[in-house]
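Novice: Sequences listed follow chains D and X, in order. Residues 1 to 388 in UniProt numbering are what the first sequence lists, from first letter to last. Residues 1 to 160 in UniProt numbering are what the second sequence lists, from first letter to last.
Careful, some of the hints might be misleading.
On the chain D side, residues computed to face chain X include the following (Cβ under 10 Å) [unchecked claim]:
(1) A42
(2) S54
(3) E55
(4) S56
(5) A59
(6) T84
(7) L97
(8) A99
(9) A102
(10) S130
(11) G144
(12) L200
(13) K201
(14) R315
(15) R323
Just so you know, these hints were derived from the structure itself, not from any lab. Small disclaimer: the values here were computed from a predicted structure and weren't measured. Backbone N, C-alpha and C define an ideal beta-carbon position, used for all residues, glycine too.
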Amino acid sequence: MHHTAIVFLELGAIVLALGVLGALALRFGISPIPLYLVAGLAFGEGGLVPLETSESFVAIVAEIGVVLLLLTLGLEYNANELVTSLRGNALAGVVDLVANAAPGVIAALLLGWGPVAAVALGGVTYMTSSGITAKVLSDLGWIGNRETPVVLSLLVFEDLTMAVYLPVLTALLAGVGVLSGAVSVGIALLTVTVVLVVSLKFGRFIEAFVSSPSAEVLLLKVLGLALLVAGIAQQLQVSAAVGAFLVGIALSGELAHEARALLAPLRDLFAAVFFVFFGLQTDPSKIPPVVGLAVLLAVIGMATKLATGAFAARRAGVARAGRARAGIGLIPRGEFNIVIAGLAVAAGVHPDLGPLAATYVLILAAFGPLAARLVEPLLTRLVRSSPS
Amino acid sequence: MDIQQTALPGIGLKHEFDTHSGRHIAVISHRSGRRDLIVYDRNDPDRACEAIALNDDEADALVELLGAPRIVQRLNDLHREIEGLVSLQLPIPAGSPYAGRTLGEARIRTRTGASVVAVVRRGQVQTSPGPDYRFEAGDVVVVVGDEENTSEVSDILTDG
């Protein structure tokens, strides 16, 4: 068969399969991310229908998917919000980081995977999926709840932590020495700070450059800028994803809102392919040996997020039912855990890390929203039966 | 009344307060322009038991309905606060020469110096009506001025 024909057939099959899986996820009210991962497992090496030729193209699409995920995340926030959130909730944010990264770090060290894998696995167990959590909050009508600002500011803190964490991880994965590693972390911190200051003080200049009455021009300018900065960031070993995130932060207000709406369909396509690509790289036959560990980590991951949410909500003066909801809202893991695991897998840290992360995210991306749905009526009844 | 404002990063702003009847309510202004009217649970004051999404038109309509009687009341408060300032609510009687004619034709400000700040028609308030606003019998005209010129307006609207 002609090369182009094969590529089109394979890509068509992937995207169509994702569409069908997306519809399925919608039908059952769950996040499509676990289904996309499963699709990747089916298409990949050792899967049901392995791909032959288009894997290198899919790899590029997946990279762009990561850039778009982080760019649209950055567009959701403006620099002011980040700074305010950081000031008000630093303690809860640190508790979140320590309590949730620790299980991953400890597990990797106990397994003898080495310190680099420990840093990567810590990131995988730490991050809550802001995408899935936002969807849970909105689907269950929890946005107005009094614990919700607490949950949202924890998510903001996590996203900011990621802006510092990803460059550190990138440097460690590149296997650079302590000195050049420290230099690249220094560059990363400096870049993040400079971008925050620039967008606080001079955001309007960037906006004046990007802004356009034409949706087409706006889309091209924002996407071009994000890819360019991502490329520079990658070259400086700061991580492409962080570059894109910072571009998103620098844009704010109406412009950011418009750009987000324009980029959303692109992000959905490219990010879906990214999840498939991660699945592609994971050999399904490697999963069964790590299932036990993944389940154990998932259970611990739920407990630590519940405790984190309860602690943070309690500090904000929220009562018991609200504390439980805050914890449950934080359980879902998803896109960014896979982004972190993807970096580690690409660097070949440990053969079991990919399958473990995939299983972990599969469990928590699917179970997190489900838990919220199940617990909601339970909590309501509990409160009704014990009037305060 | 104490209105609390909370930022919802990535979503928008929340304004909330307690009513005198002991309920807690809030309005969430989404960045997309959507508004949610939130009513909190009596038993679990942290939980939104009703979240009603309103589009622009619906939010405007609600503001109008809740705000209409308040405008007249606020004018009366203003009247009480500022010595010498008078606001009157003057009905257009069925036999008024201006029923069916416009505000511009009445030349109220030119003739008296008082201002028509609003017209209440069937419970709806039209604030700052323009010169082409057409009066109907039964309208209540809200006039602001001093003791003398507001009573002149009253005469104009009744007898021409």
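Novice: All hints, please: hold or fail.
Specialist: Tested hints:
1. A42: 33 Å, violated
2. S54: 35 Å, violated
3. E55: 34 Å, violated
4. S56: Result: violated, 35 Å to nearest chain X Cβ.
5. A59: Check failed: Cβ of A59(D) comes no nearer than 30 Å to chain X, outside 10 Å.
6. T84: 7 Å, holds
7. L97: 18 Å, violated
8. A99: Not OK, violated: A99(D) not within 10 Å of chain X, min 21 Å.
9. A102: 26 Å, violated
10. S130: 8 Å, holds
11. G144: 3 Å, holds
12. L200: 15 Å, violated
13. K201: 20 Å, violated
14. R315: Because about 14 Å separates R315(D) from the closest Cβ in chain X, which is outside the 10 Å limit, the hint is violated.
15. R323: 9 Å, holds
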